[in-house]
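> Required output: the full structure, derived from the provided sequences and hints.
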Amino acid sequence: MLGLNKKDTRFLLIVIALTLLTPIILQPFPEGSSLAQFNAGYPDLMQRFAIFGIFAIGFNILFGLTGYLSFGHAAFLGVGSYTVVWMYKLLDYNVIWGLPLAIITSGLFALLIGFVSLRRSGIYFSILTLAFAQMSYNLAYSVLTPITNGETGLQVYTDDVQILMGANEPQSPHFFGIVMRENFWVADIGAWEFTFNNGYYFSAVIAILAFYLSLRIFRSPFGLMLRAIKTNQTRLNYTGLNARPYTLAAFVISGMYAGLAGGLLAAMDPLAGAERMQWTASGEVVLMTILGGLGTMMGPVLGAGFIKYFENIFSKINEQVLRQWFGFLPDGLEGAVVWVAEYFVGSGWHLTSGLLFMLVVIFLPGGLVEGGQKLAGLFKRGKSDEDIDDPEHQPKQSPHVAE
Amino acid sequence: MSNSNFTRRGVLKSGAVAGAGVALPTIFTASSAAAYTNEPMGSSVTLGFNVPQSGPYADEGADELRAYQLAVEHLNGEGDGGMMNTFSSKALQGNGILGKKVEYVTGDTQTKSDAARASAKSMIEKDGAVMITGGSSSGVAIAVQGLCQEAGVIFMAGLTHSNDTTGKDKKANGFRHFFNAYMSGAALAPVLAARYGSDRKAYHLTADYTWGWTQEESIVASTEALGWETVNTVKTPLAATDFSSYITPVLQTDADVLVLNHYGGNMVNSLTNAVQFGLREKQVNGRNFEIVVPLFSRLMARGAGENIKGILGSTNWHWSLTDEGSQAFVKSFGTKYGFPPSQAAHTVYCQTLLYADACERAGTFNPCGVVEALEGFEFDGLGNGKTTYRADDHQCFKDVLVVRGKENPTSEFDLLEVVEVTPVEQVTYDPNHPMFAGGNLGACNEGA
Amino acid sequence: MGLLEVKGVGKRFGGLQALGNVNLSVQENSVHAIIGPNGAGKSTLLNCFVGKLIPDEGSVLFNGQSVLGRTPHEINQMGISRVFQTPEIFGDLDVMENMMIPCFAKRDGAFRMHAFEGVENEKELVEKAEQMLIDVNMIDKRHMNAASMSRGDKRRLEMAMCLVQDPKLLLLDEPTAGMARADTNNTIDLLKEINEKRDITMAIIEHDMHVVFSLAERITVLAQGTPLVEDTPENIKGHPKVQEAYLGEAH
Amino acid sequence: MDAILLQILNGLDKGSAYALIALGLTLIFGTLGVVNFAHGALFMIGAFCAVSLQRLLSLSFETVDPTRTDFLGNPLKVKTPYIESWFGPETGAAIIDWSVPLAILFSIPIMLLVGFIMERGLIKHFYKRPHADQILVTFGLAIVLQELVKHWFGANPIQTGAPEAFKGSFDFGVLLGFDPNLIIYPYWRMVYFGFAAVIVAAVFAFLQFTTFGMVVRAGMADRETVGLLGINIDKRFTIMFGLAAAVAGLAGVMYAPINSPNYHMGMDFLVLSFVVVVVGGMGSLPGAVLAGFMLGILESFASMNWIKSMIPGIDQIIIYLVAIAILLTRPRGLMGRKGVMED
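Protein chains in written order, with this note's numbering: chain A, 11 to 413; chain B, 7 to 454; chain C, 8 to 258; chain D, 753 to 1095.
Rather than coming from a laboratory, the hints here were simulated on the basis of the structure. No residue lacks a Cβ here, since even glycine has one placed at the ideal position from N, Cα and C. Keep in mind that the hints are not guaranteed to be accurate.
Just so you have them, the derived chain D footprint on chain B, three or more residues with Cβ under 8 Å [claimed, not checked]:
#1 40-49
#2 274-286
#3 331-344
#4 363-377
#5 411-422
Derived lysine to aspartate or glutamate pairs resembling EDC-like cross-links, with alpha carbons at most 20 Å apart [what the hints assert, rightly or not]:
#6 K17(A) x E203(C)
#7 K315(B) x E916(D)
#8 K831(D) x D420(B)
#9 K392(B) x E413(B)
#10 K880(D) x D341(A)
#11 K16(A) x E127(C)
With the C-beta cut set under 8 Å, the calculated list includes, among others, these residues of chain D facing chain A [to be verified]:
#12 D754
#13 R807
#14 D885
#15 H903
#16 I1069
Following this line, the structure appears as structure tokens:
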């Protein structure tokens, strides 16, 4: 179905189901319970899951397949966002203009940077991309303020031209009248509450398409060539294949994914901040990809979800919440537990995420996907070997070698 | 597209959850029960404290958070009541706001507009916050203010000094208690002219982003009006850590004043570097070379140590003020935490009280009601003397403190001394002043 | 006119004259061996054929066209495939995937943006690759990870990858290095069969005289970067110069 | 002319910091083959060694001074450092005043220990892992270290002054025949430059003239061979890591008076020092030092007003522009070897 074999089709269907049911899955705890803090089923975070999932999927096409580690992909994210906001300013709030253009501009930008950077490989390539992205960020924050609105971030002002703006058009991003920030259904079932948000489903549908496209790329001859580049460029050359256009194409495609993700960020929330282009943002997508499982289909998406969850949920746990949780303990003990816990939550969320990166890399070199497979392996031990075969049906990871 | 809301969430939920005392998130949905975004249905109301907990301003964020917790205590009738006792408006009863217990959620802005908006959104969407407050930089304040306007909740800005916050980026749902760059300039310039003479030549180093520019513009305008000459204005990268290569060119000019339009780590480093290069001992045309830091922060100044001694700047508030309100605040903050509050702590404490008071006076949490109650509101007793929330741009107008690094500090907190309290008339400007032009307050948005 | 015509090729690295005035002609459908002591410049010469090195002087014509200045992949597309001394294969991929890559390269050229159709849907190429695997007796290993195979299997795979491209000229760099005698003989048989059944011209660099003399129709002896002599195996065996320069030392 | 001279001095100073960090980074990379993203954190820890020593030395007991009051109106508690009561106020104050130079001694054992623990406990297990894993795990470690420092010391910069004797500046201009006060340079910055030169020279001498160093250099050139020689390379690796940590730490200690340390100073330097290492050529020690000074000087030149007015924003991007230009013209940086980190 859809040009995929049976296994991939099943895999895709599972992904689609999970994506569409996200508002329910991420809301496991009843409102008002003390664990409700861990619910993540509110529109903004769900949108971020989908959007950063797209970003990571695209990045994985470059890094996971070809092994070229770019430290500059945040630049494309930023370009995508700026493009979309500019379209709001010039035309109107309909995202139909901005999103395709975001893909095009970030693609062109990626073509330029990729053309230059891909003249080198290894860490030299990484540093070249980093240099380009940092230049973009530094300039966007300062000299280019007329285009980017610098520190504040690009936003729409009431005196912007907006030449296509209709009389009854919504005053926030929408897709032919479907306003992104509105919910089409808020379901209260018992003590549970599920929010079904337009913006989330818009991003989710695009994310599914992006995932599907990337699945096709993974299984295509083009994807095969990219993996070949990662394992042995010498053989590739002596087999009559030119690695450069392949890597460049991968770079541009992943740049376009990043631009799409950036555009969607602006489609959910009409503001584009320069920090989106900072090297830490580029580093974040690297972390997402490795954390989830480099070169796997599902890994980067998981990694993206993982990091965004920590950033948004753990940072909000404060002393008050901790005291609520541990209030049942005797006073002295409560104080001690809260004191320890404070290292890891609230302002300590960075510490927690740093520790988790380390733990995952040390114990699960294949990322979260590997962890999932190990877990699944444990449960399926009784069954035949074939069933354990992962949905990724990846070639076995070759032993890791430093050089 | 119409909002098909099949559930009668208010009815369903009020029974189930009201007892638990949790505010229900209703953001961005047209709910039949909620008249405005996140209308508190239960017995409590949730406020969102969005402060930097990581990044360079994390200490200021932590101090803001302390002040918020103190404010919540006082609103709920715990503690000694702090400035509630000295506040000129007596609407607050110490029984929460409008009888509802005040609860709060916290988040990390990371001093990035993106992260700050994400955090604020989660407070609105997930936790049902009816008001967002906090922040320690203008970029974040403007970004979150814009969000709150769209979402239909009130934004009470924390530490933000850029003219744009209540200038070109002003929003009907946003309010700023803190002073701004223009006021710094208007307050500082006469003091500078009086102390250093009116024929000085100034050299500006300016952090290369929006806030830095607006401050440079303000200081240049106000000093030039008094006869100063601006030799040069040089932009420095935000990421710069070593300012030596920007300081040394000063030596080659005939400038006799260096103005550092820097904040936070930039300020600490540029000031330290300037002192290292002997600028304070330098003599130009027989006069002492002077350094000016227009926006002082005591918390940050600690990092510069004794380099700040004798250096003039302005600040929104300082704990050594002796008025009733300030003393009450310092007492209750100091008793609880063991050290005096910063200006960031003070401004956010005031903002929380002002918001609560406005709700009481309006009789509702409805943003439009709050806006109406705050616009043009005149008050006193919050440490800055008589203060007005101007209706035209939602900026507080109050006296501005000109301060100087203290020569003989008695403690690690005793770093600044107030040299002059510039009266509010002197720092008031027209809402259409060119430095603030271009914005549009718009109409208040109650969301839902 | 040979399939590969080498005229007056010279190459120096700094002060070292690696190759000097090399002339050589590989006839169509022949097996041509290049032998010589260590450091004689055999690998340097081979690298000049495939675009890894560009000679300082002289010309290398393949099928009447110069290969100089072309990149390895362009030269491969002209019809020259190369087997390395240590097998160069795609270690992370499985055997079948290794085989598909040269198939695509042959059909689609150096680059084609075929990013949407599944590899497994390319029925024709899959068949071709499978047939080749059958030919080299590796079909049962087609789902094996290439890196996990034995060295001999890797070499066979590499050879299969070259052959599936139907090259006009196959360059082999010590194809039996490090092999046991039995494997060596198998390889010799395989190469013979390839040469005869597929009409593929071969140029072999080899140390093992047994291999050389069982396969080669012509032999060029290289010493210190210049060809000593080029002749048939029989003549080479008895050639005094060769005895002196090479065989004498070795045996 | 005087402006250019001054900027060269500034550049040398900035370059010293870049060079010292890059030196350790490339040492670790060259010998151990590990991309250490936690190297900036080591620099930061060094700076906080200076802060800690200053705090340790100023540990105080409190006496109540009833004549004065604190901010709450209570009697003021006056703090007197123990050290002043032990050695007398003047000697005590002098010791505290000299805390940064003293911290050099204090920091060496600490940094070596930190280095050893890091290498034995973590890095060792990553020698054979892909660079991406090394980057991730050391990046995670860097975050953990900096968050811990933030938890203890707060986020604001902490002033850590140079000894009184080094305050003030030296007038180069007079020496060269310029007007006084035109070309002056702070004493401590000159100390920093001299210190960096000594450390660089010491590291080079160590590698050049000791047997240990020779083995390490051989290891940098060809790791496999050295392993085959049966030399216990593991132990040497640990020592090298400790050494690199100590170099970074010392760079941090001495940097503390120039810019007040804060918890994220390591991250601020991390990206730049990677650019420096790569521009110098991965694994090349002289390359790292050369690139450090070169980028420092170019960065200083780019912040000159007439250059900025010609190309707005040039000081924001100069380092990256230079890095791009060098990497495109010299594929492996200034002095890099072939085949290092290209896969």
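> Confirm or reject each hint.
Going down the list of hints, with the structure as the test:
no.	hint	result
1	40-49	violated (count 0)
2	274-286	holds (count 7)
3	331-344	holds (count 4)
4	363-377	violated (count 0)
5	411-422	holds (count 4)
6	K17(A) x E203(C)	violated (43 Å)
7	K315(B) x E916(D)	holds (16 Å)
8	K831(D) x D420(B)	holds (14 Å)
9	K392(B) x E413(B)	violated (30 Å)
10	K880(D) x D341(A)	violated (48 Å)
11	K16(A) x E127(C)	holds (12 Å)
12	D754	violated (28 Å)
13	R807	violated (21 Å)
14	D885	holds (5 Å)
15	H903	holds (6 Å)
16	I1069	holds (4 Å)
Hints 1, 4, 6, 9, 10, 12, 13 from the earlier list are contradicted by this structure; the remaining hints agree with it.
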